[in-house]
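Chemist: Sequence:
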Amino acid sequence: MTIENLIKEKAGTIVDVRTHEEFMGGHVVDSINIPLGEIQERMEELENLKAPLILCCASGNRSGQAQHFLSQKGIDCYNGGSWLDVNYYQSQIS
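In terms of the UniProt record's numbering, the sequence shown has 44 at position 44, counting the first letter as 1, and numbering is strictly consecutive.
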């Protein structure tokens, strides 16, 4: 399933892995902020979110790192790339 379809079907949780400051400057509606540097200590929180996780950041680099790490831990997740792209898909939901 594509990222676009996951978002349109409201399947899963959007997790923004940018810093708190970046997140406060703009983010996807209903997304949660867990910065890349905090992922290891917040694993329990991540495991309790509605899967799959759709990870996003500024460019897709940090969300790619998060996706690689979380996948190795058995968490169903996707790299959504830039939060602006994820935000666009989210805005298409009627």
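No lab work stands behind these hints: they were computed from the structure.
Watch out, some of these pointers could steer you wrong.
What the hints assert, rightly or not - 20 Å max Cα-Cα, derived EDC-like pairs, lysine to aspartate or glutamate:
1) 50 to 38
2) 10 to 47
3) 50 to 30
4) 73 to 45
5) 73 to 38
6) 50 to 76
7) 10 to 76
8) 8 to 76
9) 8 to 30
10) 73 to 9
11) 8 to 85
12) 50 to 22
13) 8 to 38
14) 10 to 30
15) 50 to 21
16) 73 to 44
17) 73 to 41
Note that the coordinates shown come from a computational prediction; the quantities given were computed from them, not determined experimentally.
Chemist: For each hint, tell me whether it holds in the structure or not.
Modeler: The hints, checked one at a time:
no.	hint	result
1	50 to 38	holds, 19 Å
2	10 to 47	holds, 18 Å
3	50 to 30	holds, 13 Å
4	73 to 45	holds, 13 Å
5	73 to 38	holds, 15 Å
6	50 to 76	holds, 10 Å
7	10 to 76	holds, 15 Å
8	8 to 76	holds, 18 Å
9	8 to 30	holds, 13 Å
10	73 to 9	violated, 25 Å
11	8 to 85	holds, 13 Å
12	50 to 22	violated, 24 Å
13	8 to 38	violated, 28 Å
14	10 to 30	holds, 11 Å
15	50 to 21	violated, 25 Å
16	73 to 44	holds, 11 Å
17	73 to 41	holds, 13 Å
Hint violations for this structure: numbers 10, 12, 13, 15, all remaining hints satisfied.
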